[in-house]
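Line order of the protein sequences matches chains A, B, C, D, E and F.
Each residue of the first sequence is one higher than the one before, starting from 1 at the first, in our numbering.
Each residue of the second sequence is one higher than the one before, starting from 1001 at the first, in our numbering.
Each residue of the third sequence is one higher than the one before, starting from 2001 at the first, in our numbering.
Each residue of the fourth sequence is one higher than the one before, starting from 3001 at the first, in our numbering.
Each residue of the fifth sequence is one higher than the one before, starting from 4001 at the first, in our numbering.
Each residue of the sixth sequence is one higher than the one before, starting from 5001 at the first, in our numbering.
Don't take every hint at face value.
Keeping only pairs whose Cα atoms sit at most 30 Å apart, straight-line, the calculated DSS-like set for lysine-lysine is [claimed, not checked]:
#1 F:5029 x B:1032
#2 A:59 x A:72
#3 F:5029 x E:4032
#4 F:5029 x F:5072
#5 B:1072 x A:72
#6 D:3020 x E:4104
#7 F:5072 x E:4059
#8 A:72 x B:1104
#9 F:5059 x B:1072
#10 B:1059 x F:5072
Rough simulated footprint, nothing fancy, chain B against chain E, three-plus residues with beta-carbon under 8 Å [said to hold, decoys possible]:
#11 4017 to 4023
#12 4108 to 4118
Quick caveat, the hints were computed from the structure, so don't treat them as lab data.
Every residue gets a Cβ at the ideal spot worked out from N, C-alpha and C, and that includes glycine.
6 protein chains.
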Amino acid sequence: MPAGRIATVPPVSEAAATGKVAAVYADIKKTKKLESVPNFWRVLATNPDHLELVWTRLKAIMHPEAAGRSAKLDPLTREIIAVAVSATNGCAYCVNSHTAALRKLGMDVETLGEVMAVVGLFNSTNALADAYQVEPDVLPPVD
Amino acid sequence: MPAGRIATVPPVSEAAATGKVAAVYADIKKTKKLESVPNFWRVLATNPDHLELVWTRLKAIMHPEAAGRSAKLDPLTREIIAVAVSATNGCAYCVNSHTAALRKLGMDVETLGEVMAVVGLFNSTNALADAYQVEPDVLPPVD
Amino acid sequence: MPAGRIATVPPVSEAAATGKVAAVYADIKKTKKLESVPNFWRVLATNPDHLELVWTRLKAIMHPEAAGRSAKLDPLTREIIAVAVSATNGCAYCVNSHTAALRKLGMDVETLGEVMAVVGLFNSTNALADAYQVEPDVLPPVD
Amino acid sequence: MPAGRIATVPPVSEAAATGKVAAVYADIKKTKKLESVPNFWRVLATNPDHLELVWTRLKAIMHPEAAGRSAKLDPLTREIIAVAVSATNGCAYCVNSHTAALRKLGMDVETLGEVMAVVGLFNSTNALADAYQVEPDVLPPVD
Amino acid sequence: MPAGRIATVPPVSEAAATGKVAAVYADIKKTKKLESVPNFWRVLATNPDHLELVWTRLKAIMHPEAAGRSAKLDPLTREIIAVAVSATNGCAYCVNSHTAALRKLGMDVETLGEVMAVVGLFNSTNALADAYQVEPDVLPPVD
Amino acid sequence: MPAGRIATVPPVSEAAATGKVAAVYADIKKTKKLESVPNFWRVLATNPDHLELVWTRLKAIMHPEAAGRSAKLDPLTREIIAVAVSATNGCAYCVNSHTAALRKLGMDVETLGEVMAVVGLFNSTNALADAYQVEPDVLPPVD
């Protein structure tokens, strides 16, 4: 990425946000207890409808209580899944963001290392199972 | 996969296992409390050294107490990471195997749906962050 | 996948659907002009909230007029993107489903071949650009 | 990438290009109406035969008229597929390059947002279909 | 894939092949010393220009002597790369095809296990390097 | 990645390494004939058990003689597989590291170009085989 650019499109600053964008920005900061809007959302705001769609969904899944939903998974487990998916996809922005979230939730680097060990292990065994085209073991019927 | 084949190489049956392969097979069944050796391991056994390497590592990470190690993550969290990685990679054998493990640990399909919701969400936002080449937000220095 | 299973969890049949699930099923059939609910949705229904979230989002993006939104992309272009993403990810269910959608929209196999040629080309050049770690060309600043 | 490097191998400058490389460089600039040769091609030129192979194929698929072929897809649709594939693969060079191409063809950022919305959506549903190992719906025979 | 289908489009049988398709089919069988045309090519033939493009490129890279080119890599090394890429991408058709090619070239299953060990190892370390966003070590300038 | 960071966690310097970490660091430098410990290992050291697990495995597979094992693949072939996997996954750190290793083993950029040509080719055909959901050709039974 050439210096001075944060994305392939010009992000919408908080000062320039109006209407739907301003409302989503405010909800992001309130829900996530942030003082500024992260780059990701400022870039999505180049299409306000898409910004709203992504935020509504992320809020429902990652902040269920704020969205008026109940959830069985706890926030730490959800962030662990987020970092596992992001590491598997090799998404730089996402790995940084979700690692920061895990640290903020109190996870130390040694425990993070355990998460990564599991991530590394299954990226390996996934490749091996595909490499040999191993068929699933006979499983009991779902019911 | 043509009918009657379970992989691209002929798996080593339990009856045919000797030496290092037989020892690993026995340890897999004991550690995982299984009555037969899953296809994955029977295929890896076509190279006994590799079988041993993969099993030793998986045992250390997924069955730390059996390997004489302590761990901060619990077994359910480890299996959740396994299924998140496997779903992201689209590995059929692995998704089947780790979903079965989650069910065996007592997870109901509604909670599994929450896991999958998080997996689906971040596969989407990962693609979007990459799609726009969003740069990481300024983060506090690690320490 | 063992014979007789369509997924790792038991799908919710249309006959068994009630409440939120029944409402989403009805909307899927009406919006997509289908006589039965595809497997994908019947599996998601094992977590009704997740079913609703995914459907709401897909409807907004792929059927904007039904969701009361306007869109600049036409339905054929959207399905072309869907098949390009699905082929790149190697998702069997998705490739089948979106190829069927393209055919239903009138695309012949020769034109589909052109779509696939572009998909194949860029999966190759993407790997090459990553393989050599090519830096982006200097671009004018976005504004 | 350490500063001052644009790739893992030394690119071939236009000044240093001779023979097959010079001929391909000239054709790239003419066909794509560019004033300089992008980094990608200068890196491939470290193996002139490979440079020629990749260019010949890209020209045939992305610039069919220049290659003396006819095509049913229009240039905008081809670039939309290119960016969808590149975003799905998370290829930085490619996302930058094809987003620039879409902008040059006149696409505004709001429409780009619609493209990305579809890309994001199907990266999510692909993961979900794989996550649950959903089998294809019964389809009519092709013919 | 519903029974009785080999792809999402109807493949072109050898009996039905004419013109460009027939010529490519003949060259595939001659170059690869096969008695029938594999499914992959019969599916690509639904767009004859694309069939020709893919075959011309594969022939140049994988059968350089038949294409009148010289090469430094030997056929076994090329097939090893093919299976490594295919396993990493989890492509079922490709893993089957390239494993068969390796076996035909004389590789025994134990050596194949070594190939797979390396493939599995680096799918793991790739994920870990991405998981921690490790920056490249300072490298000497290329020259 | 914000300037001045080499990863999402603080790497363990050689000066700060003690116990298990110091022992692994020493073995890495001895086995790989390096004067300093690469970033990758210094980051993994934030969880000493994981560092040891990854190194033990990599040593066994990539430096079999040092691990007291024999191997049929030669070091160059193993590094070729490493770069093929890393390029396919788009892992920046890994592509840099394994390209450097190939160059150190004496591979010139033209031969590297042949490796990349094969990598690029099969990333394309993998996508095409998945894009059309091509079924494996009928293969003789394994034995």
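Hint check results:
1. F:5029 x B:1032: Given pair residue 5029 of chain F, residue 1032 of chain B is violated - Cα atoms ~37 Å apart, limit 30 Å.
2. A:59 x A:72: holds (15 Å)
3. F:5029 x E:4032: With Cα atoms ~46 Å apart, residue 5029 of chain F and residue 4032 of chain E exceed 30 Å; violated.
4. F:5029 x F:5072: Roughly 24 Å between the alpha carbons, so the hint for residue 5029 of chain F and residue 5072 of chain F holds.
5. B:1072 x A:72: Satisfied, since the Cα-Cα distance of roughly 21 Å is no more than 30 Å.
6. D:3020 x E:4104: Given that 30 Å is the threshold and the Cα spacing comes to 36 Å, the pair is violated.
7. F:5072 x E:4059: holds (28 Å)
8. A:72 x B:1104: holds (17 Å)
9. F:5059 x B:1072: holds (27 Å)
10. B:1059 x F:5072: Within the cut-off at roughly 27 Å; holds.
11. 4017 to 4023: Contact hint for the region 4017 to 4023 of chain E vs chain B: violated, 0 residues under 8 Å.
12. 4108 to 4118: Answer holds; 7 residues pass the 8 Å Cβ test.
Comparing the model with each earlier hint shows violations of hints 1, 3, 6 and 11; every other hint is respected.
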